[in-house]
Amino acid sequence: MSVEAAPSLRPQRGALTRFVSAYGQEVVIACAIVLLFAVVSAINPRFLAPNNLNTIVSGNAYIAVAAIGMAMVIITGHIDVSVGALIGVLATISGTIAVSGAPVWLAWVVPIFVGMGVNAIVGALIAYGRIPSIVVTLGMLSILRGGLVSVTGGAWINNLPPEFLLAQQRLLGVPVPVWFMIILTIGAFLWMRYTAFGRSLYAIGGNAEAARAAGIPIERRIVQVFMIHGAFAGLATILFATQLKIIQSTVPPNLELTIITAAVIGGVSILGGTGTVIGSTLAAILFSAIGSALIFINVSAYWLRAVIGALILVTVLADMLRRNREMQGAGR
Amino acid sequence: MLRTTLAVVTALTLSTSLVQAQSAWTGGDELPTSALACDGTAATPVAKAYDGGVPTNPPDRKGKEITVVDVPKLIGIGYFDATSKGIADAAKEMGNMKATTDGPTEANIDDQITVIDNYITQGVDGILFAANDPVAISPVLKKALGAGINVVGYDANSEPDARQWFVNQAEFNGIAKAMIDSLAAEAGEDAPFAIVTSTFTTPNQARWIAEMAAYAAACHPNLKWLETVEAQEDNILSFNQANTLINKYGDELKGILGMTSVATPASADAVTQAGKCGQIAVVGLATPNAMKPYVDAGCVKSVVLWNPVDLGYAAAYVLRAAADGTLQPGATSVEAGKLGPLQVINGSEILLGAPFIFTKDNIGDFDF
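Chains F and Z are the protein sequences, given in the same order.
Going by the working numbering, the final residue of the first sequence carries number 332, and the count climbs one at a time with no gaps.
Going by the working numbering, the final residue of the second sequence carries number 368, and the count climbs one at a time with no gaps.
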């Protein structure tokens, strides 16, 4: 332990230092994005062209939106590996409603409520059934994935009405998915930081027993947070299902891993209790920027996996070190 | 627990990143290629002894009316509705075959075995099948051969000695030729193009890419391959990858080859949304239903696959020829009605022929 680490010996910290220590990971990721754009655009200026920025941000906004809900779940100390399958199922529901002739807003809104319903069951099994979340959501993953193939028989939805394709539309010149991502991220961030409900998520993930002693109804909160997560999965589905003229009736492979990874690299501790959705959204942008950059600078796509793998290791390692230091500091 | 999971996942992603295949074009495999002739002359098949099975003491069925059951992977989906239609068409044309289709409602091997077993007990003259599992289906098919039933597969094979013949819908070099010919015709002989595939190591896609590279080198040497990108089997990732290619190459890019039923429509959507229809040709392997919006809009002109109606039709003719004894081990071709003579390859397989190109004119006739 270095002497500097002891708070009592530190000089008065400025606002900037406080900001950096509170949002370290978010700052790191933001800097990484800026650095990446600077380097790649120096090699190939087309990287910065509006079309490409649109591809990077708009094309992956659904991952950022889904990662908001995932971040909340992880902050409370849980995990959900079924969200990719859930989004696949919700997309098929949405598309089926859209082609049935029902108003398109129904096709957009129903998945949000179905997502909340499915995750209410998941949350209840975890909170009241006391089954570990990884087990419950693995089970749900199989149910959703198998159910989707059984019900659709692998048939695609291909005659979607044009007005259904929300993700292809623009508002004030900015693609709709970008609006979704920005508004939902900032809204969720403020809600988690400034409301009693939002703060209770950190309390539960940080120390469940202390949270219970403080009067937080933990079981009910877990069900609620899973339902909110389901709603975000539904919102992500709107973007996912309306990006193309067709809806694939199979579950996109590894989508849940991408979403979890965005949350974790964004600074959400996998042990619960810390992190923000600003970080998860920035991490989702960073991934897609890395993927695009590798194509622009002619590096094999295999490196994308390697780079993301390395990022996970570094982030988790840094989280562990920070926690150890804090615990040792507290032990003095 | 979670930490361990993440560590394992990371280790896996890191280790897969070290495996890379080499071919003229990224994403192809290293196996030997056998490019077809530029003018489409059928390749001389490599001589291989008959390795199919033989029914035990079948009755003389020559010219007599036979009852045949068709057991596809599953019933009630557009693809196998189309193969059933082909079988029914052929049966009607021949006049001496009574064909019915029956099969599981889900692509489940256990249900499929039960269905076949029931028909062996009932007694039929012939069985057509598309296997849900090549190994698991073989014992019940051998039982059918043992009962003197003629057995012919199509679409998805069993072990060779569990059936007499298998109608192969497309060979890798045939698909490769159709893809590259369509690309050169639409984008130009000297067009720069890129490929969107699932992963560089997916066996079928890697084989097609290697065969395309070989065929292009021989027959369209001025086509300029730019790069291959991976998009898993994920339609939004495919869309983003195609967009990135369009953004990177700008007006230089003249063609995109989609290697999967997911990548092809997603690439077409990217080209559509970029307003580049007509400037960037999208050619790919895909099912007609996934491509209808883009073909109908005129953004995609050629979708390469095979015609499942022809596949069923050919299978019925092959079964009839096997029952009549006109198709014997060692034969080099078989007459298949309006499809003409079909070539015998790989010992006991019948090649359906050149792939089918779905275009604006015919895509509406298919529903799968």
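Calculated from the structure, these hints are not laboratory results.
Values in this document were obtained by computation on a predicted structure and should not be read as measured data.
A virtual CB, placed ideally from N, CA and C, is assigned to each residue, including glycine.
Hints are not guaranteed to be accurate.
[Unchecked claim] What follows is a list of derived Cβ distance ranges for each label pair: (1) F/T195 to Z/A136: 18 to 26 angstroms; (2) F/G129 to Z/P32: 51 to 59 angstroms; (3) F/N298 to Z/G78: 35 to 43 angstroms; (4) Z/A217 to F/V149: 33 to 41 angstroms; (5) F/R193 to Z/G250: 54 to 62 angstroms; (6) F/L171 to Z/D133: 45 to 53 angstroms; (7) F/S100 to Z/D251: 37 to 45 angstroms; (8) Z/S34 to F/L171: 30 to 38 angstroms; (9) Z/G78 to F/S100: 16 to 24 angstroms; (10) F/R193 to Z/A136: 53 to 61 angstroms; (11) Z/S34 to F/I186: 34 to 42 angstroms.
[As the list claims (entries may be wrong)] Looking from chain Z toward chain F, a few residues come up when the C-beta cut is under 7 angstroms (computed): (12) S34; (13) A37; (14) C38; (15) Q232; (16) D234; (17) I236; (18) N240; (19) N243; (20) T244; (21) N247; (22) D251; (23) A290; (24) P293; (25) K338.
Hint-by-hint comparison with the structure:
1. F/T195 to Z/A136: 18 to 26 angstroms: violated (56 angstroms)
2. F/G129 to Z/P32: 51 to 59 angstroms: holds (56 angstroms)
3. F/N298 to Z/G78: 35 to 43 angstroms: About 40 angstroms separates the Cβ atoms of F/N298 and Z/G78, which means 35 to 43 angstroms holds.
4. Z/A217 to F/V149: 33 to 41 angstroms: For F/V149 against Z/A217, whose Cβ atoms are near 40 angstroms apart, the range 33 to 41 angstroms holds.
5. F/R193 to Z/G250: 54 to 62 angstroms: violated (43 angstroms)
6. F/L171 to Z/D133: 45 to 53 angstroms: holds (50 angstroms)
7. F/S100 to Z/D251: 37 to 45 angstroms: holds (41 angstroms)
8. Z/S34 to F/L171: 30 to 38 angstroms: Because 54 angstroms falls outside the window, the suggested range is violated.
9. Z/G78 to F/S100: 16 to 24 angstroms: holds (19 angstroms)
10. F/R193 to Z/A136: 53 to 61 angstroms: At 56 angstroms between Cβs, range holds.
11. Z/S34 to F/I186: 34 to 42 angstroms: Because 58 angstroms falls outside the window, the suggested range is violated.
12. S34: Nearest chain F Cβ about 27 angstroms off; hint violated.
13. A37: With a closest approach of 34 angstroms, the Z/A37 hint is violated.
14. C38: violated (31 angstroms)
15. Q232: holds (5 angstroms)
16. D234: holds (4 angstroms)
17. I236: holds (6 angstroms)
18. N240: holds (4 angstroms)
19. N243: This hint holds: Z/N243 lies near chain F, its Cβ roughly 4 angstroms from the closest one there, short of 7 angstroms.
20. T244: Hint on Z/T244: holds, closest Cβ of chain F at ~5 angstroms, below 7 angstroms.
21. N247: Hint holds; Z/N247 Cβ to chain F Cβ min 4 angstroms, cut 7 angstroms.
22. D251: violated (11 angstroms)
23. A290: holds (5 angstroms)
24. P293: This hint holds: Z/P293 lies near chain F, its Cβ roughly 4 angstroms from the closest one there, short of 7 angstroms.
25. K338: Since chain F brings no Cβ nearer than about 29 angstroms to Z/K338, farther than 7 angstroms, the hint is violated.
When held up to the earlier numbered hints, the structure conflicts with 1, 5, 8, 11, 12, 13, 14, 22 and 25 and fits the remainder.
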